[in-house]
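Each chain, written out:
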Amino acid sequence: MKQSSITKSNILGTALLTAAMSLPALDFASAESAPERGMVSFKYLNYSESQTVPGTGGTSSSTSTTTRRAADDLRYDLISGASTATTTSGGGATGTPGSSADRIKVNAYTVSTLVPVAGKWSVGLNYTYDSVTGASPQYHTSALTNMHDRRNAGDLAVTRYFSQGTVTVGGSYSSETDYISRGYSVLGSLSSADKNTTWSLGASLTDDTIMPQIPGATDKSKKAVAGLVGVTRVLTKNDIAQFNLGYSHGTGYFSDPYKYADNRPGTRNMTTLMTRWNHHFEGSDGTARLSYRFYSDSFGIRAHTLDAEYVQPISNGWTVMPLLRLYSQNEADFYIATNSPAETAPTPVPAGQVFSSEDERMSAFGALTLGIKVAKKLTDDISFDIKYENYLQRSDWALSGKKDSGLAEFNAHSIQVGVTCLF
Amino acid sequence: MAGRYSSVLSAAGSLIATGAMNVYRIGFEAMGGVGEVVLSADTMKRAQAMAASAIEEVKRIELKYSRYHSSGIVHRINESAGDGWTECDDETVSLFGYADSLYESSDGLFDITSGVLRKAWDFRNPGLPERELLDALIEMIGWEKAERRGNLIRLPQRGMEIDFGGFAKEYAADRGAALLHAKGIRHGYVNLAGDIRVIGPKPDGAPWLIGIRDPRDHGRMMASIPLSTGALATSGDYERYFELEGRRYCHILHPGTGMPVTHWQSVSVLAPLAVHAGSCTTIAMLKEADALQFLERSCTGFLAVDRLGVVYQKSCDPEYPKSPTLS
Amino acid sequence: MSKTPIVRFLMGAPIMLMVASALSGCSAGTAVQPWERENLAKPEMTFDYDPLDTRYTEHIYSSKEAASGGAGVGGGGCGCN
Chain A
1 MKQSSITKSN
11 ILGTALLTAA
21 MSLPALDFAS
31 AESAPERGMV
41 SFKYLNYSES
51 QTVPGTGGTS
61 SSTSTTTRRA
71 ADDLRYDLIS
81 GASTATTTSG
91 GGATGTPGSS
101 ADRIKVNAYT
111 VSTLVPVAGK
121 WSVGLNYTYD
131 SVTGASPQYH
141 TSALTNMHDR
151 RNAGDLAVTR
161 YFSQGTVTVG
171 GSYSSETDYI
181 SRGYSVLGSL
191 SSADKNTTWS
201 LGASLTDDTI
211 MPQIPGATDK
221 SKKAVAGLVG
231 VTRVLTKNDI
241 AQFNLGYSHG
251 TGYFSDPYKY
261 ADNRPGTRNM
271 TTLMTRWNHH
281 FEGSDGTARL
291 SYRFYSDSFG
301 IRAHTLDAEY
311 VQPISNGWTV
321 MPLLRLYSQN
331 EADFYIATNS
341 PAETAPTPVP
351 AGQVFSSEDE
361 RMSAFGALTL
371 GIKVAKKLTD
381 DISFDIKYEN
391 YLQRSDWALS
401 GKKDSGLAEF
411 NAHSIQVGVT
421 CLF
Chain B
1001 MAGRYSSVLS
1011 AAGSLIATGA
1021 MNVYRIGFEA
1031 MGGVGEVVLS
1041 ADTMKRAQAM
1051 AASAIEEVKR
1061 IELKYSRYHS
1071 SGIVHRINES
1081 AGDGWTECDD
1091 ETVSLFGYAD
1101 SLYESSDGLF
1111 DITSGVLRKA
1121 WDFRNPGLPE
1131 RELLDALIEM
1141 IGWEKAERRG
1151 NLIRLPQRGM
1161 EIDFGGFAKE
1171 YAADRGAALL
1181 HAKGIRHGYV
1191 NLAGDIRVIG
1201 PKPDGAPWLI
1211 GIRDPRDHGR
1221 MMASIPLSTG
1231 ALATSGDYER
1241 YFELEGRRYC
1251 HILHPGTGMP
1261 VTHWQSVSVL
1271 APLAVHAGSC
1281 TTIAMLKEAD
1291 ALQFLERSCT
1301 GFLAVDRLGV
1311 VYQKSCDPEY
1321 PKSPTLS
Chain C
2001 MSKTPIVRFL
2011 MGAPIMLMVA
2021 SALSGCSAGT
2031 AVQPWERENL
2041 AKPEMTFDYD
2051 PLDTRYTEHI
2061 YSSKEAASGG
2071 AGVGGGGCGC
2081 N
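Protein chains in written order, with our numbering: chain A, 1 to 423; chain B, 1001 to 1327; chain C, 2001 to 2081.
Just chain A, with the same shape it has in the complex (with noise of 0.2 Å):
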């Protein structure tokens, strides 16, 4: 029997097979259904970075000079680097070439559900603690001063689904010594009818509360307003792709109360445009994540994001991610680079500059991290996961931007370890 290809008047088969598709739930991919299943989830992060100044020589060795206010009272907000403490503005240690010392240590404890509900909606419960100590520079990379302190943060999600899209909103709260944050957000999706084109838009407002803790200082407020619109595409089979641009406006506070001579503009736009792309490798099972994101804001900083890793199965349930990621930014339009190679006081702000920062992450500097992550199916309901991750962070490395090479290099490693359950 011959074999004949299926030409263009395929009409009557396919408006068969069309009218077979549209019965109800037929196809195996409904992408807005609520979850068949609920699910319980527990990650555990344990994070800690330091800091080298380049070159030989010197002794490991880090004076940081702190004083402790009365009674316990040292604070810090998390990974931020901002200190209580208040200290003489020196410890030239940190300049000293070979120099290391320590910076933060986190551990981080997260339970996480997500509960399917009457078919068409999913209830999502986040519950973080997490607790910082460690040391955090008040200038620069200079003065290191230690503290402690400890976070609560919850939030939860509510999704409604429909039969060509979604509608989530959301609330969180989070809470600490010297801040507060509070953050609403909706957003919504609309599919196409053959599901493979899903439009985004979401909107998002937070209200922050600063309260730093040094003898004298006022309440502060932060607010922002953001948007976020989005179109998701299936290209093939084995190729789906995504664009967000995302803008926020933002007033308020911005600086950091516990830096020397940090003054920030009191508005913050921020502007992000991200693409991201995952493939599908047939014969290997394995599959690439790919993304690329610029973020631009009213600081002056500009910043290109890159990140890339593959997922590859391997046997018996066990998969292994190897990643990279590639960061750069340009300094702010008011930071203030570091007056020498090992300085031993701040540098003087020029005189009529109205805003500035002499913080590091406000400067010019590139980032590599590079990571490994594991995760085993136990059973068919659990599965654990654990990663490691090593940053460095360099001026050097900058793309764009002046750079400041009196900053001591930075390197962060951190571990995860997650279990998931599903009920």
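Be aware that a few hints might be false.
Straight-line Cα separation of at most 25 Å, PhoX-like style, residue types lysine-lysine; simulated pairs [to be verified]:
id	chain 1	residue 1	chain 2	residue 2
1	A	Lys120	B	Lys1045
2	B	Lys1183	A	Lys377
3	A	Lys195	A	Lys237
4	B	Lys1059	B	Lys1045
5	C	Lys2042	A	Lys403
6	B	Lys1183	B	Lys1314
7	A	Lys237	B	Lys1183
Calculated Cβ distances over 12 Å to all of chain C for the following chain B residues [to be verified]:
id	residue
8	Glu1029
9	Arg1060
10	Ser1070
11	Gly1082
12	Ser1228
13	Thr1229
14	Gln1293
Derived by calculation from the structure, the hints in this document are not laboratory data. Since the model is a prediction, treat every value here as computed from it, not as a measurement. The beta carbon of each residue, even a glycine, is placed where N, CA and C say it ideally should be.
Fit chains B and C to the supplied structure of chain A, relying on the hints for placement.
Then chains B and C, alone, in the frame of chain A:
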């Protein structure tokens, strides 16, 4: 492939293969025949629990769309023929929409009102019906005559009946498979008396080998089709029939003549959905000599055996038995 | 010399706009049919593969770098300044 698997039999469910993941087979009776759910799971208990939910869905559809269920929707619609309107739920309305497509795509051959012809044919008592009886029954056939308004339906003539038997089984196979997939099953299939919807290939990625029965030698497999995804359905003149004076009269009746079709011994179709594969096999049987053209454009692949035993196939890549006879 | 936010946005935008129009305009040959979506349903092919992992890493990066956001709305803040 055979070397990696061993089979062990046990009670209501059987462990049919061990390896990286166990494969279980759970048998049951439904839709007037034997059904099975084959899936991979960690334990027998889990396999039975998963299969139970699929079997429950199959039985739900069987009961809901049974002609005999006295408070069921089909009975209510048929009882009101020539009378008033019956209100239907969303699932039933969507099945009517599908019946419309079937009617159009088959040029009126696949007609869900043609079930009345069973009053003329009793396959347990061989005998040809009277011409007058057949003509009277043919008068009551015609899906185009059924009146529909939103979710309401009315059969305008007394004696008219609708019957979902033509695709209910395949629809149930699709629903069962989709349910298992939603529950996380990725390897297995749902088989309802030969109408199969695959959930996913074997745990090692190899396809399932589904046998197609020789239409004239029941014990023998004529071919086995490798299936990793999609569905396979078969219609044949051997499922219910009688022979009289050397001629075979099968259960697939032409709505225009009231007589059984004779051109094909069996038609098997590969398609993404069981309901589509099953519809194509039935339409092909009804189209008789014109079936090949229809099959060429309607499905992924087919294997058809005509009344003389000549085999026609397209894109099926079947594996034929090596030896001439296989028991 | 400081540039207004709009100017900065437009400077970085051209490449991204190309990508956006390519994405929404491309038809990828023939549309992917529902029964071909098996690989797309794999968790690693979605964009929220491991939400808790993403949560931790995004939090760390936004505390150590100036940039933040990109793919979601909401999410609480912290004293990261």
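Against the structure, the hints come out as follows:
A distance of roughly 29 Å separates the Cα atoms of Lys120/A and Lys1045/B; the hinted pair therefore is violated under the 25 Å criterion. For the proposed pair Lys1183/B and Lys377/A, the alpha carbon gap of about 16 Å is at most 25 Å, so the pair holds. The hinted pair formed by Lys195/A and Lys237/A meets the criterion: a straight-line CA distance of about 12 Å does not exceed 25 Å. With a CA separation close to 21 Å, the supplied pair Lys1059/B and Lys1045/B stays within the 25 Å bound.
The hinted pair formed by Lys2042/C and Lys403/A fails the criterion: a straight-line CA distance of about 43 Å is larger than 25 Å. For the suggested pair Lys1183/B and Lys1314/B, the alpha carbons sit about 34 Å apart, so the restraint of at most 25 Å is broken. For the suggested pair Lys237/A and Lys1183/B, the alpha carbons sit about 22 Å apart, so the restraint of at most 25 Å is met. Residue placement check: Glu1029/B keeps its beta carbon more than 12 Å from all beta carbons of chain C (closest about 29 Å).
The claim that Arg1060/B lies off the interface holds: its Cβ sits roughly 23 Å from the closest Cβ of chain C, which is beyond the 12 Å cut-off. The Cβ of Ser1070/B sits about 37 Å from the closest Cβ of chain C, beyond the 12 Å cut-off, so the non-interface label holds. At the 12 Å boundary, the C-beta of Gly1082/B stays outside the reach of chain C, the nearest C-beta of that chain being 40 Å off. For Ser1228/B, the shortest C-beta to C-beta distance to chain C comes to about 10 Å, within the 12 Å cut-off, and the non-interface label is violated.
Not every CB of chain C lies more than 12 Å from the CB of Thr1229/B, the least distance being 7 Å, so the non-interface label is violated. Separation of Gln1293/B from chain C is adequate, the least Cβ-Cβ distance of about 23 Å exceeding the 12 Å criterion.
Hints 1, 5, 6, 12, 13, counting from the list given before, are not met by this structure.
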